[in-house]
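Residues per chain, in single letters:
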Amino acid sequence: MPSREKVIFEYSQAGRGASDQWPHHPGSAALADLPAKLKRSKAPALPEVGELEAVRHFTRLSQLNFSIDTHFYPLGSCTMKYNPKACNQYAMLPQFLARHPLAPESHGQGFLGCMYELQEMLKEVTGMQGVALSPMAGAHGEFAGVAMIRAYHHARGDLKRNEIIVPEAAHGTNPATATMCGCVVREVPVNSSGDVDLAALKAAVGPNTAGIMLTNPSTLGVFERGIEEVARVVHEAGGLLYYDGANLNAILGKVRPGDMGFDCLHMNLHKTFSTPHGGGGPGAGAVGVAARLMPFLPIPIVAREGERYRWLAESDLPQSIGRLSAFMGNAGVLLRAYIYMRLLGRDGMRAVGEYATLNANYLLKRLEAAGFEAAYPERRASHEFIVTLKRQARELNVTAMDFAKRLLDLGFHAPTTYFPLIVPECLLIEPTETESKEVLDAFVAAMSQIQKEAQQEPERVRTAPHTMPVRRLDDVRAARHLDLTWTPTTQH
Amino acid sequence: MAFIPHTEADVAAMLAAIGARSIEDLFAEIPPSLRGSSLAGVPEALNEMEIGRLMSERATQDGTTLSFLGAGAYEHHIPAAVWAITTRGEFYSAYTPYQAEASQGTLQTIYEFQTMIARLTGMAVANASMYDGASATAEAALMAVRANRKSRSARILVPTTLHPHYRRVAVAMASNQGLKFEELPYCTVEGVTLPASLGKYQGEDITALVIQQPNFFGRLEDVDALTDWAHARGALVIAVVNPTSLALLKPPGEWGSRGVDIAVGEGQPLGVPLSSGGPYFGFMTARMEHVRQMPGRIVGRTLDAAGREGFTLTLQAREQHIRRAKATSNICTNQGLLVTAATIYLSLMGPQGLERAAAASHARSRELVAALTRTPGVRLAFSGPCFHEAVLLLDRPVAPVLKALAARGILGGLDLAPYYPELGPALLVCATETKTAADLERYRASLGEALQGARAA
Amino acid sequence: MSNVPADLKYTKSHEWVRSLADGTVEIGITDHAQHALGDLVFVEVPETGRTVKQDEPCAVVESVKAASDVYAPLAGEIAAGNPKLADAPETVNSDPYGEGWLMRVRPAAGALAAAELMSAADYQKVLAAEGG
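Protein chains in written order, with our numbering: chain A, 14 to 505; chain B, -9 to 447; chain C, 75 to 206.
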């Protein structure tokens, strides 16, 4: 990969600028009405660079990244699949980009039609009765879901239900969401084969149970076989079931959360429906609900009346948990998901779950054959699986982190490491359906090479990466000596 | 199909390696009673040509308009280079930069962004983005409750001149944790929050005061007096600011005698298209002493094993993946790609270009107000300076007038009746540097005709 | 095997307690705890004068991979927080039982007895049971 790139401020020269991009200055007289005490006294120290300098700088920076377009990204629980170019191109048609969020419905029937159809398709693939599109990320959708569960109990006068149950292997967003919704978290363990411990669950539910948050397949890469019993136990205790859609890719077209007994869910459109991760976002965390939660959906929602589409707002949904974004969430992301779903169609949707599962099980068997240890060897992998390197850590003093860093040298993004927390030295591996057999075989070869290196020249693995723009970074230093903004005097 | 590259031979070889007879066998652990959904509601696939045709038709249906809408989302010129680079696959299709060595491009971009936003707002530290301006305001209120250890009340004073949607989002996102939002009235003559109206809170425990500058009406608040009032009473100050305006207006880090504690805002004006409301991004900055109470990702510069500079996510113990139920927020995915666009935008604009965009927007909006208020039946609602928006009062209901304008392809602004009924027929209008003299004249002439038409009807 | 000084008292949540001559007690985290957390990057100590209940979270120790609450081993009033840790959190790693103390507490009446602190030998057994 290319080497490092200067910070943009180091290119800055006073008086330089991409002036072809700027509007004409109206003259200082146009600013005479602004009172001096409200005005800025000194211009902000933004970089002063030419257009070509800026273009080269940011192009070079982009080249320091791994991305799906350049590398295989087997990140468990993140569903890093190909983001089709058509989704971007057609979501960025000029009229879509120029449309103001408060433009009247008369000047948005095309956009609103897409949103309505997206709601309908998402209902169908999840088995839910209502969908709202405005949450802007998975965690935002989780917030909406738990807030709806809370609102449902409160509307029934059941004010004491404030406990959210999560399995100990859950994503951190689940307990953090419960806290944001004013609930408290109760963790339940999973048993040795990766299913929720039903006895512990039965002991945990009670009159204070608001609900349970589950991912299925779970973060352990296996299908929760006791799901029907889990649903029965929680529902009989008066709680509701929340489905964290992080792993929906595994079951798309095969089984629907609504059919498993879930009352409420979010979908990560940036995972299952292939909108880009963008280096950390934007996502979209649409929520779906069963009939009893429909009055509480966040606004706005698109409704169809005859041939026309319109927004539903507060007056249409007086019990709504309210508004979660200034406008209607990440509309451009939603358009990309809509295009993706239309491109796939019904049969393509089924193929996603099938081939994601095929790829994961193939990769697992190949890695096992190469000597790696599966965390749940007797289980069928879902769309992802866990390999534990605890033997390598114990015998060779080479950790999961070392393997992850060495993979970067060999041209593969690292799998998810050290999550879930309950499996020691784990790699959570999710190949997705868009990778070919050749890529999976190459990944197995890379893992085997690292295993051999760990035995023969372990230092090479422990000190990896060697070929990236930087070596391993000192996280401790970063946190102890905070350097969060650039200054000319910043020195190490 | 479905971007799946497998040949039949691949599938056969893979199933053989697994020891399964069919793909269906791989789902054997799922109870049969749960399976078999038909997906009847999902249409058959379209190919790329067909979806291209469909989306072009939908886009054409939405049409092209001459828009004077603002109210939290603003039409500015976006340099061509911004999205040409932002949509490069290496930015567009990259993951969150947890593997720092493979993500230096994203990490350095965020570090440059944090620096630019901190300088623009005059604050010490910025995070790597929130979802949008409204959710950033809600998170700022939650952060203030954590940061203001002397206050026990969790009471947040919110002027009614704060964007009405922001107020609703703050209630939806923060009241579950016991925060109480109390609305402050505005002066009906000047359209600003009067420091004198705060008298009733004298001696009470207030956790924080929110101040939007420019406010929802486009008017400029007396930010120094409001900031000092809050600080004198032990309350923190949360600024909600328009980033373009900061090229002209005093940055929140300099409000009052010691600056605000947290400054947030909507980043959309910095190179992000209107796009029906998103994706945008919220920015958040704060005093250094509050950095550990911030939500969201933060990038820091450090050294690598060879002693060379590099970038990494830092202070992650605040975040949900480590702190879980005790995290500062549940936020994980943020609006990274929009931050990339904004960083490129600010680099191309620089201090001079951003000042020109702000000054030209201010000038155009004054010209718009001058032109429209020459029309019979139209007057300005509030006295005093604005940034690039203003409230006009009409002599008849706004909705039919806007409808008549829309029929001519003009989006004339936002009808404030649903939000501020006490104002009567009030219209919030905005003009930025994108509007020409001919655009303003077209609006003026059309408004005159629309009002005449309404009178005749 | 981590260091467990014989002259201190301990809690199951890996705090140690030392009785000082002025009637206050000094509190820190054990060698086992600092090792499990890794290099500390931030320590938050309580404000002097605050009253704490037994088992109430009253300090935070943070590394790059974990953050952990420190619980008051006994009820009382905070007599001091260690002022050095704000700039040098690594002191807790290098000298957990000495310079790396977190806080001093003036115990409420009867609080020391009520706390039922463990001896070094008993704490060793807790560590052995945890596999530490």
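Think of the hints as simulated: they come from the structure by calculation, not from any bench. None of the values given here were measured: they were computed from a predicted structure. Be a bit skeptical, because a hint or two may be false.
[As the list claims (entries may be wrong)] The calculated DSBU-like cross-link candidates involving lysine-lysine, where the alpha carbons are at most 30 angstroms apart (straight line), are:
| # | chain 1 | residue 1 | chain 2 | residue 2 |
| --- | --- | --- | --- | --- |
| 1 | C | Lys158 | A | Lys403 |
| 2 | A | Lys403 | C | Lys199 |
| 3 | A | Lys403 | C | Lys86 |
| 4 | B | Lys190 | A | Lys50 |
| 5 | B | Lys316 | C | Lys127 |
| 6 | B | Lys170 | B | Lys140 |
[Stated by the list, open to error] Across the chosen pairs, the derived CB separations fall in these ranges:
| # | chain 1 | residue 1 | chain 2 | residue 2 | range |
| --- | --- | --- | --- | --- | --- |
| 7 | B | Ala407 | A | Ala45 | 48 to 56 angstroms |
| 8 | A | Arg245 | B | Glu279 | 45 to 53 angstroms |
| 9 | C | Ala162 | A | Ala27 | 36 to 44 angstroms |
| 10 | B | Gly224 | A | Asn175 | 28 to 36 angstroms |
Virtual Cβ for every residue (Gly too), placed ideally from N, Cα, C.
Hint check:
1. The suggested pairing of lysine 158 of chain C with lysine 403 of chain A is violated, with an alpha-carbon distance near 38 angstroms, which exceeds 30 angstroms.
2. Taking the CA atoms of lysine 403 of chain A and lysine 199 of chain C, the gap is about 25 angstroms. The hint holds against a cut of 30 angstroms.
3. Proximity of lysine 403 of chain A to lysine 86 of chain C is assessed by CA-CA distance (about 27 angstroms); at most 30 angstroms being required, the pair is judged to hold.
4. Straight-line distance between C-alpha atoms of lysine 190 of chain B and lysine 50 of chain A comes to about 27 angstroms, which keeps the hinted pair within the 30 angstroms bound.
5. With a C-alpha separation of about 20 angstroms, the suggested pairing of lysine 316 of chain B with lysine 127 of chain C holds against the 30 angstroms cut-off.
6. Simply put, lysine 170 of chain B and lysine 140 of chain B have alpha-carbon atoms about 17 angstroms apart, close enough for the 30 angstroms limit, and the pair holds.
7. One distance hint, 48 to 56 angstroms for the beta-carbon pair alanine 407 of chain B and alanine 45 of chain A, is violated here, with the actual separation near 33 angstroms.
8. Look at arginine 245 of chain A against glutamate 279 of chain B: about 51 angstroms separates their beta carbons, and that is inside 45 to 53 angstroms.
9. Between alanine 162 of chain C and alanine 27 of chain A the beta carbons are some 40 angstroms apart, a value that agrees with the proposed interval 36 to 44 angstroms.
10. The hinted range of 28 to 36 angstroms is satisfied by glycine 224 of chain B and asparagine 175 of chain A, whose Cβ atoms lie roughly 30 angstroms apart.
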